[in-house]
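Visitor: The chain contents come next:
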Amino acid sequence: MSQTTAHAPASSNTLRLWLSTAVVALLIIGTGMFQSWNLALVIVNMGLISAIMALGVNLQWGFAGLFNVGIMGFVALGGLATVLVSMPPVEEAWQVAGIQLISGLLMGVATIVVAIVAAQKIAKARTRNITVVAILVVGFVLYRALFDPAVGKIEAINPAQFGNIGGLNLPIILAWPVGGLFAAAAAWVIGKTALGLRSDYLAIATLGISEIIIAMLKNEDWLARGVKNVIGLPRPVAYEVDLQRDPGFAETAANLGIDVTTASTLYVKFSYAFLFTIVLVILLVLAQLALKSPWGRMMRAIRDNEVAAEAMGKNVTARHLQIFVLGSAICGIAGAMMTTLDGQLTPGSYQPLRFTFLIWVMVIVGGSGNNYGAVIGGFLIWFLWVQVEPLGNWLMQLITSGMEDGALKSHLLGSAAHMRLFTMGLVLLLVLRFSPRGLVPEN
Amino acid sequence: MDFLNAIVALANFVIIPATVYGSQLALGALGVTLIYGILRFSNFAHGDTMAFGTMVTILITWWFQSMGINFGILPTALLALPFGIAITSLFLLGTDRVVYKFYREKKSEPVIFVIVSLGVMFMMNGIVRFIIGTGDQRFADGERFIISTREFKAMTGLQEGLAIRFTQGITVVTAIIVVAALFYFLNRTRTGKSMRAFSDNEDLALLSGINPERVVMVTWIIVAGLATIAGVLYGLDKTFKPFTYFQLLLPIFASAIVGGLGNPLGAIAGGFVIAFSEVSVTYAFKKVLGYLLPESLEPDSLVQLLSTDYKFAVSFVILIIVLLVKPTGLFKGKSV
Amino acid sequence: MSDPYLNAAGLTGGYGTGADILHDLTLTVDKGEIAVIVGPNGAGKSTAMKAVFGMLNIHTGKVTLDGEDITNLSPQARVGIGMGFVPQVNNIFTSMTVEENLEMGAFIREDDYSQTMEQVYELFPILREKRNQFAGELSGGQRQQVAVGRALMTQPKLLMLDEPTAGVSPIVMDELFDRIIEVARTGISILMVEQNARQALEIADKGYVLVQGRNRFTDTGQALLADPEVRKSFLGG
Numbered sequence: 284m285s286q287t288t289a290h291a292p293a294s295s296n297t298l299r300l301w302l303s304t305a306v307v308a309l310l311i312i313g314t315g316m317f318q319s320w321n322l323a324l325v326i327v328n329m330g331l332i333s334a335i336m337a338l339g340v341n342l343q344w345g346f347a348g349l350f351n352v353g354i355m356g357f358v359a360l361g362g363l364a365t366v367l368v369s370m371p372p373v374e375e376a377w378q379v380a381g382i383q384l385i386s387g388l389l390m391g392v393a394t395i396v397v398a399i400v401a402a403q404k405i406a407k408a409r410t411r412n413i414t415v416v417a418i419l420v421v422g423f424v425l426y427r428a429l430f431d432p433a434v435g436k437i438e439a440i441n442p443a444q445f446g447n448i449g450g451l452n453l454p455i456i457l458a459w460p461v462g463g464l465f466a467a468a469a470a471w472v473i474g475k476t477a478l479g480l481r482s483d484y485l486a487i488a489t490l491g492i493s494e495i496i497i498a499m500l501k502n503e504d505w506l507a508r509g510v511k512n513v514i515g516l517p518r519p520v521a522y523e524v525d526l527q528r529d530p531g532f533a534e535t536a537a538n539l540g541i542d543v544t545t546a547s548t549l550y551v552k553f554s555y556a557f558l559f560t561i562v563l564v565i566l567l568v569l570a571q572l573a574l575k576s577p578w579g580r581m582m583r584a585i586r587d588n589e590v591a592a593e594a595m596g597k598n599v600t601a602r603h604l605q606i607f608v609l610g611s612a613i614c615g616i617a618g619a620m621m622t623t624l625d626g627q628l629t630p631g632s633y634q635p636l637r638f639t640f641l642i643w644v645m646v647i648v649g650g651s652g653n654n655y656g657a658v659i660g661g662f663l664i665w666f667l668w669v670q671v672e673p674l675g676n677w678l679m680q681l682i683t684s685g686m687e688d689g690a691l692k693s694h695l696l697g698s699a700a701h702m703r704l705f706t707m708g709l710v711l712l713l714v715l716r717f718s719p720r721g722l723v724p725e726n
Numbered sequence: 018m019d020f021l022n023a024i025v026a027l028a029n030f031v032i033i034p035a036t037v038y039g040s041q042l043a044l045g046a047l048g049v050t051l052i053y054g055i056l057r058f059s060n061f062a063h064g065d066t067m068a069f070g071t072m073v074t075i076l077i078t079w080w081f082q083s084m085g086i087n088f089g090i091l092p093t094a095l096l097a098l099p100f101g102i103a104i105t106s107l108f109l110l111g112t113d114r115v116v117y118k119f120y121r122e123k124k125s126e127p128v129i130f131v132i133v134s135l136g137v138m139f140m141m142n143g144i145v146r147f148i149i150g151t152g153d154q155r156f157a158d159g160e161r162f163i164i165s166t167r168e169f170k171a172m173t174g175l176q177e178g179l180a181i182r183f184t185q186g187i188t189v190v191t192a193i194i195v196v197a198a199l200f201y202f203l204n205r206t207r208t209g210k211s212m213r214a215f216s217d218n219e220d221l222a223l224l225s226g227i228n229p230e231r232v233v234m235v236t237w238i239i240v241a242g243l244a245t246i247a248g249v250l251y252g253l254d255k256t257f258k259p260f261t262y263f264q265l266l267l268p269i270f271a272s273a274i275v276g277g278l279g280n281p282l283g284a285i286a287g288g289f290v291i292a293f294s295e296v297s298v299t300y301a302f303k304k305v306l307g308y309l310l311p312e313s314l315e316p317d318s319l320v321q322l323l324s325t326d327y328k329f330a331v332s333f334v335i336l337i338i339v340l341l342v343k344p345t346g347l348f349k350g351k352s353v
Numbered sequence: 002m003s004d005p006y007l008n009a010a011g012l013t014g015g016y017g018t019g020a021d022i023l024h025d026l027t028l029t030v031d032k033g034e035i036a037v038i039v040g041p042n043g044a045g046k047s048t049a050m051k052a053v054f055g056m057l058n059i060h061t062g063k064v065t066l067d068g069e070d071i072t073n074l075s076p077q078a079r080v081g082i083g084m085g086f087v088p089q090v091n092n093i094f095t096s097m098t099v100e101e102n103l104e105m106g107a108f109i110r111e112d113d114y115s116q117t118m119e120q121v122y123e124l125f126p127i128l129r130e131k132r133n134q135f136a137g138e139l140s141g142g143q144r145q146q147v148a149v150g151r152a153l154m155t156q157p158k159l160l161m162l163d164e165p166t167a168g169v170s171p172i173v174m175d176e177l178f179d180r181i182i183e184v185a186r187t188g189i190s191i192l193m194v195e196q197n198a199r200q201a202l203e204i205a206d207k208g209y210v211l212v213q214g215r216n217r218f219t220d221t222g223q224a225l226l227a228d229p230e231v232r233k234s235f236l237g238g
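Protein chains in written order, with the numbering used here: chain A, 284 to 726; chain B, 18 to 353; chain C, 2 to 238.
So that you can see chain A by itself, here it is in the shape it has in the complex:
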């Protein structure tokens, strides 16, 4: 980083921002014109969600230098929130084992709390260790004794359709903030333990917790049906079939010269885009306000010189915990939005490359430390992620066009999809090398 770029005037940044925005807009409009508007809107919707995730990670990395590679876990917790908030409760499950389940869970929580209190209160090392271990062992046995039978009963209820506790039957939009809360709670626990240790350890700790969250979603069938998936989540927007049956809608579509089926799908996607845009704008405004507030300045001061900040009496770990929780909460909100858009929770589909490391590419490419940069990065990289596959296919068609049909040709054609990961890595490395501050650098 040379001196000149480090003090780049804000105006050159504004120019970069507008240029990148224009490029993203052109790419999306181009998709609409040359492929289909439905696809363009699909990209926009996931782009909006990706932008929100990137915003959350940028808060942690760009403002505070925290290296979180557990994004997938926070996103998945958001997904879990949609099920627990919006699905109707499975009454039978609560009747047969509700009290038992809750007391089991309370037992588990109580065990941990008592163990922590014991660890803090007992002064003598040996007594303390023995007591804590004893509490944990006894607590664990009691917890399993209460919890296991309850789970068995719940999972036995009509497993083909339920086998879980269901949700609260509330509007699904409520799940978005709840998803944020879930993620925040998990982030608080992980932050309490791993922040203050070195940065590599936070990375490994977050990587670990995200794997555990996914394992939990896959295996705790009573909670959200595990790998049996929860499908048919309620929607915050209209259903296509209802629109198509609505004579008023059909008439408007006819007036616009679009057939009613296409119009209904576009309408639904537009509705989502509208909702997501509202969330993105709110979060972006909040993030910008935070960045410019004394709190944001202090955060960046800590990031740039932790030792000096600590010497000035700033509680670095506490500040880091705040921003870590906030950033993770944003990822949780985005995760809930994504599951809402999908209309189903499929724990098997969460993969770290897609939900953790891809978000990192977005943040780095967009420009770490710049909120707008993160948003642009989110859109751009998502666009690439979607479009590289057809591009790869096309490229492979071209390469193999002169070949005779055979094993090699079909292998090359079949493998084109994997170009995606390769391209993402390449983009990340190229940006790091030639434009390490990203497309829209920090002001």
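Hints are computed from structural coordinates only; laboratory data are not their basis.
Everything numeric in this text was worked out from a predicted model, so none of it was measured.
The beta-carbon is built from N, C-alpha and C at its ideal position, and this holds for glycine as well.
Be aware that one or more of the hints could be misleading.
[Said to hold, decoys possible] Simulated crosslink set (BS3-like; lysine-lysine; CA at most 25 Å straight-line):
| no. | chain 1 | residue 1 | chain 2 | residue 2 |
| --- | --- | --- | --- | --- |
| 1 | A | Lys475 | A | Lys404 |
| 2 | B | Lys303 | A | Lys511 |
| 3 | A | Lys436 | A | Lys407 |
| 4 | B | Lys170 | B | Lys343 |
| 5 | A | Lys475 | B | Lys343 |
| 6 | B | Lys255 | A | Lys501 |
| 7 | C | Lys32 | C | Lys63 |
| 8 | A | Lys511 | A | Lys436 |
| 9 | B | Lys303 | A | Lys436 |
| 10 | A | Lys597 | A | Lys692 |
| 11 | A | Lys501 | A | Lys511 |
| 12 | C | Lys32 | C | Lys131 |
| 13 | B | Lys349 | C | Lys32 |
| 14 | C | Lys63 | C | Lys158 |
| 15 | A | Lys501 | B | Lys258 |
| 16 | B | Lys303 | A | Lys404 |
| 17 | A | Lys475 | B | Lys349 |
| 18 | B | Lys255 | B | Lys304 |
| 19 | B | Lys255 | A | Lys407 |
| 20 | A | Lys475 | A | Lys597 |
| 21 | B | Lys170 | B | Lys258 |
| 22 | A | Lys475 | A | Lys407 |
| 23 | A | Lys692 | B | Lys349 |
[To be verified] Far from chain B, by Cβ distances over 12 Å, these chain C residues were calculated:
| no. | residue |
| --- | --- |
| 24 | Thr27 |
| 25 | Lys32 |
| 26 | Pro41 |
| 27 | Ser75 |
| 28 | Pro76 |
| 29 | Ala78 |
| 30 | Arg79 |
| 31 | Gly85 |
| 32 | Pro88 |
| 33 | Ser96 |
| 34 | Leu139 |
| 35 | Arg151 |
| 36 | Thr155 |
| 37 | Glu183 |
Using the hints provided, position chains B and C relative to the given structure of chain A.
Guide: Below, chains B and C without anything else, positioned relative to chain A:
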């Protein structure tokens, strides 16, 4: 007799698998810890380096098999292994030249190296999937069992059987040879000592005339060897699947950190700590206890602490405990 | 009169592109001579050492060793032509044994260095005793001996020591100084920075008093000790 049966069951389902898995983790963790010690960053591409090395070895194995070359009762993959290591070395040296060297010369911060390694991870992942696909590959050939359950039962007359597969034997023997060779190299040879010196105190190593680029080069070659061997052993013992190798990153890092990052001895110890905990926490002890306890006390449940799907949680919990109690790891690692 | 063995004349420069720290500084050391740099905190003593060793950006002035211009050589290259440097801190490999530390000191030598190691052990007998112990487990004074021993392994003609007695007890300090005199007697030139100015000047053939990166007084060690102004300002009366 019941006591013996219990021991055999324990050996068959816990001790042997954990020793084998521990050897694999230890080799993987050694690679991570060497990179951390010399190049001073946590290499997130290590799991994919293992996958790459294993893939190359599998391709060569298939080629050998198609030409009718085999290794008798041992898997052909062992013959292909040296070639796999050589190609992986070249690949890593190329990556270093094209990617990492730039940041080394710029003296970038460790976390930048980590992010760069994410990029490398993506690309390697893409390359491996592009060439060999995402599916399971079995490439073990040769004899299957050193001793099979049936033979063991016939031999001892015990109710419980004990099986030791060839791949398990090979894993442990290879791991012992590799670790012995590595420690001989690090502690007895001039180049090995210069690597330790560089890891210990970079500035003083430079003042002593140690060439950093040479140290880095040797490190990548050793890492290629360790990663390929670890990957091939894991693949022979189980199967090869790119995504599984990526997921090995967590237990491998846990092993390296638990042992003390940058400390080779610690990496080995950490590998076994993680492996034994993972296997024993997820093993259902009903059978073993059934032999040991009087009938009236026999457990009804499986006596399994956690289902096997939570094995990641085990590495993770051990990692957290060690970090909280002893942040530099069981053996003194680097504390930056 | 022929040039001194080490002649660093008119050095001006600083770290990287930062402000100049040294201004027209001159340091010379003859064969087998002990030269000591003293001065108040922040006088640029350690910086002067680094300048001589090529770890600083020098834009004017030049450094010659044995008549040869070495101004543009890298620190590593300077080790190759007979300069040894013992930094003030982090000057040993803590995770390696004493003997391995010495071996690493001899890393650039292709010939048999067992003779040199023997000489180091004769000079510092305690190191022979502890040769299989990790250097990090030794006491402060012993660590300094390892550090000096490591630098001697290249058989330097000029040994540069940056505060070799920092943080050791007075008894150990006296012993270290005795050893340094012994090293000088074998014909090795010594350039060292010292915080313990009085004791250091007592063994010095030549002393440099630095203030704010400039030569303030230059004379023999004894003459500086006798100079009332030096005594008043720098030796505490």
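Visitor: Take the hints in turn and mark each one as holding or not.
Guide: Right, here's what the structure says about each hint:
Our distance criterion of 25 Å between C-alpha atoms is met by Lys475(A) and Lys404(A), whose separation comes to about 18 Å. Restraint check for Lys303(B) and Lys511(A): not satisfied, since their Cα atoms lie roughly 28 Å apart, outside the 25 Å limit. A distance of roughly 43 Å separates the Cα atoms of Lys436(A) and Lys407(A); the hinted pair therefore is violated under the 25 Å criterion. Of the pairs offered as hints, the one joining Lys170(B) and Lys343(B) is violated, with about 45 Å between alpha carbons and a cut-off of 25 Å exceeded.
As the CA atoms of Lys475(A) and Lys343(B) are separated by approximately 16 Å, the hinted pair is consistent with the 25 Å bound. Taking the CA atoms of Lys255(B) and Lys501(A), the gap is near 22 Å; set against the 25 Å cutoff, the hint holds. With a C-alpha separation of about 19 Å, the suggested pair Lys32(C) and Lys63(C) falls inside the 25 Å cut-off, and the hint holds. Taken as a hint, the Lys511(A) and Lys436(A) pair is honoured in the structure, with Cα atoms around 17 Å apart against an allowance of 25 Å.
The suggested pairing of Lys303(B) with Lys436(A) holds, with an alpha-carbon distance near 22 Å, which does not exceed 25 Å. Annotation: proposed proximity of Lys597(A) to Lys692(A) is violated, straight-line Cα distance about 62 Å (limit 25 Å). Between the alpha carbons of Lys501(A) and Lys511(A) the distance comes to roughly 8 Å, so the proposed pair stays at or under 25 Å and holds. Pair hint Lys32(C) plus Lys131(C) does not hold up; C-alpha atoms about 32 Å apart against a cutoff of 25 Å.
Under the criterion of a C-alpha separation no larger than 25 Å, the hint pairing Lys349(B) with Lys32(C) is inconsistent with the structure, at around 44 Å. The hinted pair formed by Lys63(C) and Lys158(C) meets the criterion: a straight-line CA distance of about 19 Å does not exceed 25 Å. For the given pair, Lys501(A) sits about 20 Å from Lys258(B) by alpha-carbon distance, which is consistent with the 25 Å threshold. Taken as a hint, the Lys303(B) and Lys404(A) pair is broken in the structure, with Cα atoms around 37 Å apart against an allowance of 25 Å.
For the proposed pair Lys475(A) and Lys349(B), the alpha carbon gap of about 24 Å is at most 25 Å, so the pair holds. Distance restraint check for Lys255(B) and Lys304(B): the Cα-Cα separation of roughly 24 Å lies within the 25 Å cut-off, and the hinted pair is therefore satisfied. A distance of roughly 46 Å separates the Cα atoms of Lys255(B) and Lys407(A); the hinted pair therefore is violated under the 25 Å criterion. Taken as a hint, the Lys475(A) and Lys597(A) pair is honoured in the structure, with Cα atoms around 17 Å apart against an allowance of 25 Å.
For the suggested pair Lys170(B) and Lys258(B), the alpha carbons sit about 34 Å apart, so the restraint of at most 25 Å is broken. With a CA separation close to 24 Å, the supplied pair Lys475(A) and Lys407(A) stays within the 25 Å bound. Under the criterion of a C-alpha separation no larger than 25 Å, the hint pairing Lys692(A) with Lys349(B) is inconsistent with the structure, at around 53 Å. The Cβ of Thr27(C) sits about 25 Å from the closest Cβ of chain B, beyond the 12 Å cut-off, so the non-interface label holds.
Once the 12 Å rule is applied to beta carbons, Lys32(C) is consistent with being away from chain B; the minimum gap is 23 Å. Remark: the non-interface label on Pro41(C) is consistent with the geometry, its nearest Cβ contact in chain B lying 26 Å away (cut-off 12 Å). Ser75(C), annotated as away from the interface, has a beta carbon of chain B within 12 Å; the closest lies near 9 Å. Not every Cβ of chain B is farther than 12 Å from the Cβ of Pro76(C); the closest lies at roughly 7 Å, contradicting the non-interface assignment.
Consistency note on Ala78(C): stated as away from chain B, yet its beta-carbon is not over 12 Å from all of that chain's, at 9 Å minimum. Not every CB of chain B lies more than 12 Å from the CB of Arg79(C), the least distance being 10 Å, so the non-interface label is violated. At roughly 9 Å from the closest C-beta of chain B, the C-beta of Gly85(C) falls inside 12 Å, breaking its exclusion from the interface. With a least beta-carbon separation of about 7 Å from chain B, Pro88(C) fails to lie farther than 12 Å from that chain, contradicting its non-interface assignment.
The beta carbon of Ser96(C) sits about 5 Å from the closest Cβ of chain B, which is not more than 12 Å, so the claim that it is off the interface is violated. At roughly 15 Å, the least C-beta separation between Leu139(C) and chain B is larger than 12 Å, which holds for a residue marked as non-interface. For Arg151(C), the condition that its CB be more than 12 Å from all CB atoms of chain B is violated, with the nearest at approximately 7 Å. Residue-level check failed: Thr155(C) sits 8 Å from the nearest beta carbon of chain B, not beyond 12 Å.
Chain B leaves Glu183(C) outside its interface by the beta-carbon criterion, the shortest separation being 23 Å against a cut-off of 12 Å.
The structure fails to meet hints 2, 3, 4, 10, 12, 13, 16, 19, 21, 23, 27, 28, 29, 30, 31, 32, 33, 35, 36 from the earlier list, while all remaining hints are met.
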